[in-house]
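Just need the whole structure built from these sequences, with the hints factored in.
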Amino acid sequence: MKPVNQKAWWLVLPVFLCVAFSAILPLMTVVNYSVQDIISPERRVFVGTEWFASVMRDPDLHEALLRQIGFSLAVLLVEIPLGILLALSMPATGWKSSAVLVVVALSLLIPWNVVGTIWQIYGRADIGLLGAALQKLGIDYSYTGSARDAWLTVLVMDVWHWTPLVALLGYAGLRSIPDAYYQAARIDGASKFAVFRYIQLPKMRGVLMIAVLLRFMDSFMIYTEPFVLTGGGPGNATTFLSQYLTQKAVGQFDLGPAAAFSLIYFLIILLLCFILYTWMQRVGTTDDLSSKTEAGHA
Amino acid sequence: MLEPRFQKRTLFLFAYIVFALLPIYWMINMSFKTNEEILSSFSLLPQHFTWANYKTIFTDESWYSGYINSLIYVGINMVISLTVALPAAYAFSRYSFLGDKHVFFWLLTNRMTPPAVFLLPFFQLYTTVGLMDTHIAVALAHLLFNVPLAVWILEGFMSGIPREIDETAYIDGYSFPRFFITIFIPLIKAGIGVAAFFCFMFSWVELLLARTLTSVNAKPIVATMTRTVSASGMDWATLAAAGTLTIVPGAIVIWFVRHYIAKGFAMGRV
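Just so you know, the sequences run in chain order A and B.
Under the working numbering, think of the first position of the first sequence as 22, with each following residue one higher.
Under the working numbering, think of the first position of the second sequence as 756, with each following residue one higher.
Derived by calculation from the structure, the hints in this document are not laboratory data.
We treat Cβ as the ideally placed atom computed from N, Cα and C, and that holds for glycine.
DSS-like mimics (lysine-lysine), calculated; alpha carbons at most 30 Å apart, straight line:
| no. | chain 1 | residue 1 | chain 2 | residue 2 |
| --- | --- | --- | --- | --- |
| 1 | B | Lys944 | A | Lys28 |
| 2 | A | Lys117 | B | Lys944 |
| 3 | A | Lys117 | B | Lys763 |
| 4 | B | Lys944 | B | Lys856 |
| 5 | B | Lys810 | B | Lys974 |
| 6 | B | Lys763 | A | Lys157 |
| 7 | A | Lys213 | B | Lys763 |
| 8 | A | Lys213 | A | Lys117 |
| 9 | B | Lys856 | A | Lys28 |
| 10 | B | Lys856 | A | Lys23 |
Per the computed footprint, the stretches of chain B lying under chain A, defined by three or more beta-carbons under 8 Å from a beta-carbon of chain A, are:
| no. | region |
| --- | --- |
| 11 | 763-775 |
| 12 | 852-858 |
In structure tokens, the structure reads:
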């Protein structure tokens, strides 16, 4: 076990100060707004929890929240397996591994608004590669006309954009497995799947946890890409929480409700992340145990 | 039995790379076209090949200064993030102390705040302290999501280094700073490389905060790009060229840390 040492706080202090400056002060401002009706900068009325109550009852918010949860789940269901598969397929050594690594990471480096803009052209049936190709295949595709197409386009764009993050983390985790494990598995005549299930997956647990949480948080806060690509439409098909919030805060200058909304939004992410974090930790430890007993039997 | 499986994986990898590169190919393709060509016809290669878009970016100060501004604040952000995250990650990986788990989770929660939530308060805060439109303001604001991530990644790497190394060094009479800098940091080079890459990436592509906190002097390239939306419609071609150029610095960073990622977590618990 780690020794108890209260002086370790001194090492954490710089981080604490940096983050506190950027987090606590703005958060307090938000809390402050959320309980006031700001008619003008000079005229403010304390309204208590009224905004919270009205936001919680807002049917548009419920819809945006459901849409958001659906989208984030879809993102995780596609990107995590795909990223793991990709990590398993990437060559381990030589110039090929370097080249693949750089190529795979490219999409992460494009600013988010450019991602949206590029896909805007890329998906157009008349002048874009994706749209034109789908049209050739006889699929009537239009991300501006059909809600389903728009939603799918945003999802595919997100998969294209972020799967590399999962893959890079998974790849780093895979490289950490000592050769001895594979040799032992070979001697036991373990199948490919058994190697994956009992060696590679448990060893990737830590990095995959980072990947799942990062993808979950970031997809839950997705804003720029769908905003640029579809503007939230058609209808409200791709209006996710962030965008709904921004519409409220900037579009309608409703600072109070927007602040209350922000806090609720933050608490939802916090709660879901906490559940995910605890759940993954539990799954991970039972996994470790079973692989240990497995190794014991072998 | 090994062979066909191997080929299947190679095939999958190939398919993914095609999927990953097609939009980028399209962007590069657009960057060599004129706006009229982009909007009027579909062609796999530019019919009227032009360098004009790149020329605009390299000759117009408002464009190329965007890249310089971005690089400056991303650089400052990376340096501060890593400097503060290293000792903190060490503390989390080596000691237990009052509230350590809570502080760790609290740090992560900052990674979860939607930037949209903080736009207005940030604007007011940085106006009050007189940092608006400076590189340092954006660098500080980006600490919000980069420091927790750096601490998180580094803690994983550090936990993979056996404690005996620390203890031996202390017995040999090393002071903490000397041990940390001369022995420990070289051991977790890989983690630093990976953390640096992630800090670079997230700071480089972030738009909302960077745009809110700057106006002229520190205007980042991502904000300059939003300018291409004007009354006369989008300037797709210049935007595509600018987008292509934004990939370059990041690609260089990956090239430098690629070995760290590959050998990376070799000792790591993660």
